[in-house]
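Take the sequences, apply the hints, and build the full model.
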Amino acid sequence: MSIDEREERAAEPVAEPRAGWASIRPLLLRVHFYAGVFVGPFLLVAAITGLAYVWAPQAEQAVYDHELHVPAAAGTVPLDQQAATARALVPDGTLTGVRPGPTSTDSTQVIFDRPGLEPSFHWTVFVDPHTGDVRGQLETYGSGQAMPLRGWIDVLHRSLHLGDFGRLYSELAASWLWVVVLAGLALWLGRRRRKRASAPSPRAKLLTWHGRTGLVLAIGLLFLSATGLTWSQYAGDSISELRTQLDWTTPSVSATVPVSSGRDVGLDGAREATLRAGLTGPVEVRPPAAPGQAYVVAQMGRSWPVQADSMAVDPATGTITDTLRFADYNLAAKLSTWGIDAHMGFLFGIWNQIVLTLLMVALIAVIVWGYRMWWLRRPTRGEARFGRPPARGAWRRIPGRVLAPALVVVAVVGYYLPLFGLSLLGFVLVDGFLEVRRGKVDA
Amino acid sequence: MIAAEGLRWILTVVFVATGAFCAYRCTRQGTVAERVGDVLHVVMCVAMVAMAWPVGMGGARLPQTVLFGLAAVWFAGVAVTGAAHADHGGRRAAVYHVVMMAAMAWMVFVMPRAMGGMSGGGGMTEMPGHHGMAMPVSGVGGGAPADVRVVALVLLAAFVVAGLVFLSRAFDDARASGPPLRFLGRGADGAMALGMGLMLLTMA
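Quick note, the sequences are listed as chains A and B, same order. Under our numbering, the first residue of the first sequence carries the number 3, and numbering increases by one thereafter. Under our numbering, the first residue of the second sequence carries the number -16, and numbering increases by one thereafter.
Among the hints, erroneous ones may be present.
To be verified - Label-pair ranges, simulated between beta-carbon atoms:
id, chain 1, residue 1, chain 2, residue 2, range
1, A, L46, B, M40, 55 to 61 angstroms
2, A, V411, B, V(-1), 23 to 29 angstroms
3, A, V363, B, V(-1), 38 to 44 angstroms
Said to hold, decoys possible - If you want the footprint, here are the derived chain B segments under chain A, 3+ residues with CB under 8 angstroms:
id, region
4, -14 to -6
5, 154 to 167
Think of the hints as simulated: they come from the structure by calculation, not from any bench. This one's a predicted model, so the numbers in the text were calculated from it and none came from an experiment. Note that beta-carbon positions come from the ideal geometry of N, C-alpha and C, so glycine has one too.
Take a look at the structure:
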């Protein structure tokens, strides 16, 4: 979103292509400007809601203190008994998992799937593990068992509570963020080769802040863009498909066991078997979904070093039938897990939250400075109310040997990131139409 | 056959557009040799569209293989005699079209073998520790036979390079305000080459 006068003059279309940076810069400038203006509002919303989400875990510990925490005491009621107590309160629910409290002051979370709940939402009954008393019932969200407050902020960040249509906003932001960042980075690094002769104007100072801050943020923003895309509706599907084709999928523990009737070791038996096998830390015990299925006990630790091992336990014998170690995940699956946890602020605890906060605040500043620069460029006389955008026809200055591969790369990326591709195509069509119309008016 | 519906439509649009252009050019200009070349391009585009769709997989293989084999011979003759003008790419483009038509004949011939190795399905599983984030589990078929994949990869590389060269020249011609049919022709050649590359990618 930053243009200076020299660049603007340089962007006037000419017939002869120039080689190297001089030919590419006007196009990058145009891309950075329009993409920035276009996705700026979406990025602002994502940054503000993301900022709220980062600190939501601390907020929910306070808001839902009664449900989440219990007085420390000796003795523990068996998990099966706690689950039975909860099950009596949710007759229409299907038990999907039980999370024993990781410390003596945490409640047990008994998780149900219930008719009428949105995808990824659960119904959770909180039980005091020392007394077996129910502390409360809440609708929870996702694998992190987000309480209603965090779940609400999560959905706001993801879709603005507008369903699948709302998810387009975050996908657009993530799809264009890396383009804006890379174009901005190239412009800034290219610009640094020059030296200014005169004292900088207020707009030039703003440009310096915009550019330098953007430079510092670049890696973090590229990371957020990449990880955000894995959650997105359409690009996320493409990424999943690509991972399948490259055999980079996240493995899962095999829960198939021989069908048997009679004895069932129960939730406690499954938990104890895995504890003996070394599966410690916060876990979720999932009961067999059907005959011939095992109990699955999965670690839920999301901070570094990630604890995501899982084991399957035969309900009849209590023996461990399969073990999946996080260490045995393929690199892509590990990167995906680490990336998701870092994006959500869980991977490195409070430091992760602080870094994300700084990143979001700085991003908001960079966007506001960008719009401010555009505002400062507006003509003070005449009818025009906005700063003049970079001139059309920048692509004509690029030699075919550069433009052709670039076009193919953009087409491939546009295929895998459909919202990026379609919005770019829409822009090109509108821009081309306006150019043709202007040509007719001039003629 | 292209399994991904989006990609199938993209290929269809590319080959319908380029086929339409070749048909138009055939009616507007060119020597007999060039017009025959255009007709062969139209036939190739129709075959490519058919190849992209499941319904088109039922077509007789042998006649198509023979047809595209003869088309390769035709372009070889054009290359030797120099019967194509600059607007049609001249001698070098004729040599390229020999490779393209031969590749078409090969693709049609090996397609059943290539498709036979691509059966198999994948399932979806939830990411451990991340509910709501479904990730597909691996379950892809064994892929096309090794010999098909090797040839497809070599041809893929060749067509991508050719496509980029054609597109690059099309852009430079368009900028230099050359005859529209010339730069559009090169653009169409580039699009067809990249379309061929896409089809080969599914076999590699």
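Can you name, in rising order, the numbers of the hints this structure does not satisfy?
1, 3
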